[in-house]
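Engineer: What follows is the residue order along each chain.
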Amino acid sequence: MMNCEQDIIYLMHKYLDEALTDEEQRILSNHLQKCEGCQKRFHELKRTDTLIADKSGVTAPASFIDSVMSQLPEKKSRATWLGWFRHHPLVSAAAVFMLLMVSGIFSAWNQDQQVTVSKQEGVVIEDGTVVVPEDVTVEGDLVVRNGDLRIDGHINGDVTLINGQFIDGGSSETVPEGENLQAYVSGELNYVNQVFEWVWYHMKNFVGEVFSLEESGSPE
Amino acid sequence: METIIAERIKEVKKGNTQAFEDVVSFYQNKVYFICFRMVGNKQEAEDLAQEAFIRAYTNLESFDERRKFSTWLYRIATNLTIDRIRKKKPDYYIDAEIKGTEGLDMHDQLATDEALPEEQVENLELRGHIQTEITALPPKYRSVIVLRFLEELSLQEISEVLDMPVGTVKTRIHRGREILRKKLRHV
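In the order they appear, the protein sequences are chains A and B.
Using the UniProt record's numbering, the first residue of the first sequence is number 1, and each one after it goes up by one.
Using the UniProt record's numbering, the first residue of the second sequence is number 1, and each one after it goes up by one.
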């Protein structure tokens, strides 16, 4: 064999890859005419390709399709509702927002069962009941949570009772309407005892805040 | 054909599972061929080919429809098979012998009503021998050689399936072919 063998062998492979240029084709066939060794090798390579290209007998079994189809996972339904969310991003966002808001309100309602008062000065908390003593005047609004309220003194503002009742100072009557009340509280008296009222209370507060923000913003 | 397959794929993506049957039907022999040539054992080849279709189905969302489905599918099949070969490397050379013989059995059964039994037997032996030699190739040559003779896959497509440069594909085909030439010279 000749020294040029490596180049010629490369051309043989290139021929089998169907990538020969006309010039290379000419070089190869010229060489093959002169060189018996390369002829033999070229023949062997071509035969190798023919042998390994033979696909007869290598086919999937008859049951193949059924077998695959029966093994496919049944997860298309999940994909469809996920797909629905993907195609409706606004609705999805609104739904998630509502979910969070509602659960937030409910958990806030169920949360602290402790008695809380919005103003502490002069006010006494006894046994789950908030008492405004006789000689005390509360300036501004008062909010009582999870407790009853008894007013012996005065409140110059609105009163809001959340999850609690109003106890009339002298008598055991718990109905705060009428003149008695007017004497003690100069503003409105609000009860919030149900979740829906609680929600409504939050909405009113929220709206109120928005408006007061706008008012304070507008003069500038 | 590619356009019909593309249509079917779209339907499967929309949720029509039955449309996948046509996809399996069209590619089953090609995928099976890849797996069988690589592992040389029909039971294992069937398992791998089925797994490849199931994976293609479950990951269909990630298939980019602007690309060729066949390339994507062959890639799944080759990766699965190469993975399997790697995992069971220790007993692989012993296996190769047995696998060749199994190939013979299968051809035996398939070729019942053809004439000239003696010629037939010779053919079967030759096929079994070729399969044995291909399975005995180092995996990196085996995958390129198998894909090269799967169908009219271009070198470019092979390089996409195997995720390697075209130059590497070429070199490996040449080397693999040389190894097989020496092995098959006298058969």
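Honestly, I wouldn't trust all of these hints.
[Claimed, not checked] Calculated pairs, SDA-like style, for lysine to any residue (alpha carbon to alpha carbon, straight line, at most 25 Å):
id, chain 1, residue 1, chain 2, residue 2
1, B, 13, A, 46
2, A, 46, B, 154
3, B, 87, B, 59
[Claimed, not checked] Which chain B residues face chain A? A few, computed with CB under 10 Å, are given here:
id, residue
4, 29
5, 58
6, 62
7, 129
The set of hints was computed from the structure by calculation and includes no laboratory data.
Glycine included, every Cβ here is placed at the ideal spot set by N, Cα and C.
Engineer: Now look at each hint and say whether the structure bears it out.
Structural biologist: Status of each hint after checking the structure:
1. B:13 with A:46: 44 Å, violated
2. A:46 with B:154: Cα-Cα ~18 Å, so holds.
3. B:87 with B:59: Cα-Cα ~23 Å, so holds.
4. 29: 5 Å, holds
5. 58: 6 Å, holds
6. 62: 13 Å, violated
7. 129: 9 Å, holds
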